[in-house]
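Residue strings, one per chain:
2 protein chains.
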Amino acid sequence: MKESIVYFVPLLGLLGLLVMFIKYQWVSKQDAGEAKMQELASYIADGAIAFLKAEWKVLSYFVVIVGLLLAYSGTLTEHSSPLIAVAFVIGAVSSAIAGYIGMKIATKANVRTTQAARTSLAKALSVSFTGGTVMGLGVAGLAVFGLGGLFIVLLKIFGVVVVDSGEMKTAIEVLTGFSLGAESIALFARVGGGIYTKAADVGADLVGKVEAGIPEDDVRNPATIADNVGDNVGDVAGMGADLFGSYVATILATIVLGQEIKAVDNFDGFSPILLPMLIAGIGIVFSIVGTWFVKVKKEMDSVQTALNLGNWTSVILTAIAAIGLAKWMLPETMSWVNPERGADFTQNGVIGAIILGLIVGMLMSIITEYYTAMGKRPVMSIVRQSSTGHATNIIGGLSVGMESTVLPIIVLAIGIYGSYELAGLYGVAIAATGMMATTAMQLAIDAFGPIADNAGGIAEMSHLPEEVRGRTDNLDAVGNTTAATGKGFAIASAALTSLALFAAFVGISGIKSIDIYKANVLAGLFIGGMIPFIFSSLAIAAVGRAAMAMVEEVRRQFREIPGIMEYKAKPEYEKCVAISTQASIKEMVAPGLIALITPVVIGFIFGPEVLGGLLAGVTVSGVLMGIFQSNAGGAWDNAKKSFEKGVDINGQTYFKGSEPHKAAVTGDTVGDPFKDTSGPSMNILIKLMSIVALIIAPHIAQPQIPEVNTETDTIEIVETPVDQAPTPEAVNAE
Amino acid sequence: MKESIVYFVPLLGLLGLLVMFIKYQWVSKQDAGEAKMQELASYIADGAIAFLKAEWKVLSYFVVIVGLLLAYSGTLTEHSSPLIAVAFVIGAVSSAIAGYIGMKIATKANVRTTQAARTSLAKALSVSFTGGTVMGLGVAGLAVFGLGGLFIVLLKIFGVVVVDSGEMKTAIEVLTGFSLGAESIALFARVGGGIYTKAADVGADLVGKVEAGIPEDDVRNPATIADNVGDNVGDVAGMGADLFGSYVATILATIVLGQEIKAVDNFDGFSPILLPMLIAGIGIVFSIVGTWFVKVKKEMDSVQTALNLGNWTSVILTAIAAIGLAKWMLPETMSWVNPERGADFTQNGVIGAIILGLIVGMLMSIITEYYTAMGKRPVMSIVRQSSTGHATNIIGGLSVGMESTVLPIIVLAIGIYGSYELAGLYGVAIAATGMMATTAMQLAIDAFGPIADNAGGIAEMSHLPEEVRGRTDNLDAVGNTTAATGKGFAIASAALTSLALFAAFVGISGIKSIDIYKANVLAGLFIGGMIPFIFSSLAIAAVGRAAMAMVEEVRRQFREIPGIMEYKAKPEYEKCVAISTQASIKEMVAPGLIALITPVVIGFIFGPEVLGGLLAGVTVSGVLMGIFQSNAGGAWDNAKKSFEKGVDINGQTYFKGSEPHKAAVTGDTVGDPFKDTSGPSMNILIKLMSIVALIIAPHIAQPQIPEVNTETDTIEIVETPVDQAPTPEAVNAE
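Residue numbers (my numbering), protein chains in the order written: chain A, 1149 to 1882; chain B, 1149 to 1882.
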């Protein structure tokens, strides 16, 4: 029984990849417009490929070194295998491919969206959203196919027959390598891409818009091509690798915890492990269904409504199917192999946790939208504070960003507490899986934004009629909102996933509690809390430095190449592309290594409990810094955009070019690295550090004293539900 | 024996107050200059008093309500007493008096320093530093006298004979009320004063310097008096209340833990309790000695060197005396009444912890100075990033602030771990006491800065000769550095004090561990981590809003009162003073209540362990946000100041008024609420929440199951020192 159903997982992944291929062909066949447009698009595509090649070259050294270390470490403990190195390499390569697919389709879809926008909004949305869909299906398809396929292969190789066996433990440890590969490439891609895009964006804006007074995306600006390349390598390729890593990590965390569950089912006890993979698989199917609903007919139709309709369709259908799957597969009640891991829980509890996860994700999106949307109180407060200058605009944005942590943290705390009450640690993990199930759809919605942004840039640079830019701007504005809500969603799922990984780490490392009342654990908590600060500092400082180099290069070109401003001479675009490429490759290394090395050093020197304190510190601080930075950046962005249609402050109306608008541009520029470099890296950082801890857990594990029925109070549930009779184990434990 | 030595504590406090009184008289007798200067000084003094009166009126309601609640709660449990309400009121009033003394002397010393600066730098330093000394001795004297005197009275009232008794527990619970009163007034004073001073400062700068192009402290600026009042109510009165609260909390935390120690000494076992009070007492004596060394002879002499000499004298003498006291009072080895609280420790361990505390404090000051001093790499990087505009300046400052958390956190983690290893939880507390012992000197150094700043303002407004302003600027520049290092010191001592209070809370609440592996505790950790973000958000948003109101008022006066710019009409200073006063009183309430109410709500609903998670989250996040904000603000300030003497960027020299300087002014303005409102409030926030937890601990305590020898692994020391044989209890516990 188990045998047959497990094959559905890679098959569903393959289905996603097949649909992706068809949609890719469709986009490629669309009209790419005039020669001038195609020339600009080819600059962008070439720059993006050049960056990816440079990035991959550096990362290949990293993959080889870490692969060798993993192969060696795989020979050291009982339940590990050198095959972990192979899984790691597959994960890393898959993550890179996920980014590559996204980048490739985005650089095709951008110019075709521009061309489509000459006809109608409906057509422009169709092309750009199909581009996004290709990327979403590519990422989700690869993840489900890769993870599912690898899982089957590992079951065969290690001859796994029962869930609670050493062979299964080894198989899962090897599978963790896949996730490590995916997540570490994700981190580098996100940080490198984030530095690239924002260095170019900030640099282009500072000299172009502010000093030279030419519009954004003007061909006279030497940094404009780098800016448009940046959208593709940061917002698309970086995000693709990011979500690939997140998706894999979430499913993996649920599998690892699922392996610890005793379930008397029709699947040889495999149901808690198969469930997350199958939910992810059907999530792909219903994401495809959802895409059918994303269309507008008339010019006046709301793009946001179309996206919401598609999104809700896939979320609701996936939720219903997930509940059905849980009812069909899981037994009525389940217990933990090791009773210290928690109390028994029920099928209904798991279903409750899935629903709770979806509610948490939805609330996070709504809250994020509130804090970053135009016309709402937070953005309007920044708009008003722009009237008294740059400084008050910045104070306003920082204040909004900090305030915006409150509701998400409360929602998250309730989510953690509630999903744990419903189905223990497995509940926390499956809640995250539920949230991530429609990643294909989420990513389609997310990725269409930068495609539309690029399309607008090409329209501007090609001097197409006003109405074309109007249509792409419409899409771009919606894209900004979806980008912000996507980040809220990502951080929530990352927090739950990290906690599940953290719990898995505790299980494997053999510790029974992480007691912050111990001085060394508390010291670990402090060090962990500091990591997101230094990580963010390095990332935004890198953007600042690279942007300055960009500014100086642009100023030099304006000075030394006569005729640029009169369109008589062509700027040296490639020099600006090279600055962004080199800076981002160089500067992504340090933050990446901090994330990878710190848990190893702390774990081996101070042991698993201090490492647990470190992880808790990183998770809490990382979630806070992620929300703070992403929302502050999003709010600043839309505060600036508010001036485009004119805003009333104290009875006076201000437009673009007014003093308050200039202050708002400053805020937007500060927010750029916040929302696109350091902020969204936080969710990868916290997961990656947990995965590293999980990988080294067997090597730093505390010896297990075979003791029964004493000292089992460490993972007690806090409040025993009245209607649930305690099991004999639980009674002994109290 | 105990009887006689305990009286030394209030006597040493009284000595401090006596010397303060003499110095107060000396300052009062100095020449206050011409009528014009005295008129300006009287505006400032009147504004400051008006603010304090308004603040006290609001706080008196708070004190009455909380006092009644405490009186009622004092009747509920075994070891509490309604007298806690009396102690609370005394603490609150003392804290207010500490702020009042500071404000009173500062508004006398400011104009007298201006007058002295007409003669020589030596005289100006003498007057301003003596003003600072009055405040330092006032705060420390009141704290030691109040705490020591109250302690003696409580011993009599409750008839305490032995340390390990219910009477002693009650006495200490009542004493905690004193600390609660002191620290809660400190929080309101710091936040209220911080909002006041920065609203006025930002508002005055934005219109005066940036829009109207008139210098800082120009009589034509309607907000200039409010700005100078702000220095006194924020940097002086706020800081006085703050350090009074910190000083008391630190000593109290050591007393609470000292009560749990079994010490066979010559003081009826009271030595671990008497030691922190006596160290604080002798700290006052050696602070007085240190002040003798703070003088310069010639105009060219370094003020910083003179301050360093005085500071080091008092620190080294106090350290030597503290070691002597520990050797004389403490027995060779000590153990905990409840063996779960930790292993035995030695007299040498306690001495080691005191020394470690001083080293941690010193390192924190040095690191803070590095990150905020002119000419060093961090500030220079911000200076360079000012050349590409407002946005890159802000990115640079935020990045420096985040980076500046790394070394302090590592030092702090080592301090926590090391002092715990040396003398358990008592070691952590006594390390903080050692650091705080020379508070009188620290505060004298801190408080002379705003006095010199004010003196410069009066010189400017009175159009005194250039050389007068030159002398006060010299003092003011040194004051900026000492203000920054003082904040580094304050946050380090606050972190250690919070941990000691946290440990005391764990003891009283009867929990055995705070296990973040439990979902509810982890949820508490998240909520706790978020508190410093919302607190900071409220504080800086309040500054932003009040500054905008100020800007609009100043613009209105410039518009509606003709002749201001030609010195023909006098601005309506009092309107600006009223704006700052009202805004700060109104806006200080919400952040203060969050700090006070959250632990009560979480503690009563979710119990002590979740509250423990909350406190850990607040402490870690608060320390990080405190360091980040204070250092970013300090670095921005000095980046701006760097332009006054001219800075080289890429081979070009920029001065005041250049574009890069304007960008640096933006950074400085953003940094103002960071470094003077939200940043320094963090250390009060984390301590206050721990004190509230300690107060409610008996009410939410988990019932103690009288069980011996099982489940005692929760507070194990992490590494048993090789040379220390485990006690029988410890062996059973493992």
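Be aware that a few hints might be false.
Note: identical chains are not told apart, hence a pair may lie in one copy or across any two.
[As the list claims (entries may be wrong)] Straight-line C-alpha distance at most 30 Å; calculated DSBU-like pairs for lysine-lysine: (1) LYS1804 x LYS1357; (2) LYS1524 x LYS1734; (3) LYS1810 x LYS1793; (4) LYS1660 x LYS1810; (5) LYS1723 x LYS1205; (6) LYS1445 x LYS1357; (7) LYS1723 x LYS1443; (8) LYS1304 x LYS1718; (9) LYS1205 x LYS1443; (10) LYS1789 x LYS1357; (11) LYS1184 x LYS1718; (12) LYS1789 x LYS1810; (13) LYS1810 x LYS1357; (14) LYS1524 x LYS1793; (15) LYS1357 x LYS1446; (16) LYS1271 x LYS1660; (17) LYS1723 x LYS1177; (18) LYS1804 x LYS1184.
By construction, these hints were calculated from the structure, which means they are not laboratory data.
Now the hints, each set against the structure:
1. LYS1804 x LYS1357: The answer is both: 11 Å in one copy and 25 Å across copies each meet 30 Å.
2. LYS1524 x LYS1734: The answer is between: 24 Å across copies meets 30 Å, while 39 Å in one copy does not.
3. LYS1810 x LYS1793: Both, since 15 Å and 29 Å are each at most 30 Å.
4. LYS1660 x LYS1810: neither (56 Å within a copy, 56 Å between copies)
5. LYS1723 x LYS1205: Within one copy only: 20 Å inside, 65 Å across.
6. LYS1445 x LYS1357: Result: close neither inside a copy nor across copies, 35 Å intra and 55 Å inter.
7. LYS1723 x LYS1443: neither (40 Å within a copy, 58 Å between copies)
8. LYS1304 x LYS1718: neither (60 Å within a copy, 90 Å between copies)
9. LYS1205 x LYS1443: Close neither inside one copy (40 Å) nor across copies (62 Å); limit 30 Å.
10. LYS1789 x LYS1357: For LYS1789 and LYS1357, the Cα distance is within 30 Å both inside one copy (14 Å) and across copies (29 Å).
11. LYS1184 x LYS1718: within (14 Å within a copy, 65 Å between copies)
12. LYS1789 x LYS1810: both (11 Å within a copy, 24 Å between copies)
13. LYS1810 x LYS1357: Classified as both; 10 Å inside a copy, 19 Å across copies.
14. LYS1524 x LYS1793: within (15 Å within a copy, 44 Å between copies)
15. LYS1357 x LYS1446: neither (33 Å within a copy, 53 Å between copies)
16. LYS1271 x LYS1660: neither (58 Å within a copy, 65 Å between copies)
17. LYS1723 x LYS1177: Neither: 32 Å inside a chain and 69 Å across chains, both beyond 30 Å.
18. LYS1804 x LYS1184: Cα proximity of LYS1804 and LYS1184: one copy only (29 Å, versus 47 Å across).
Against the hints set out earlier in the document, violations occur for numbers 4, 6, 7, 8, 9, 15, 16, 17.
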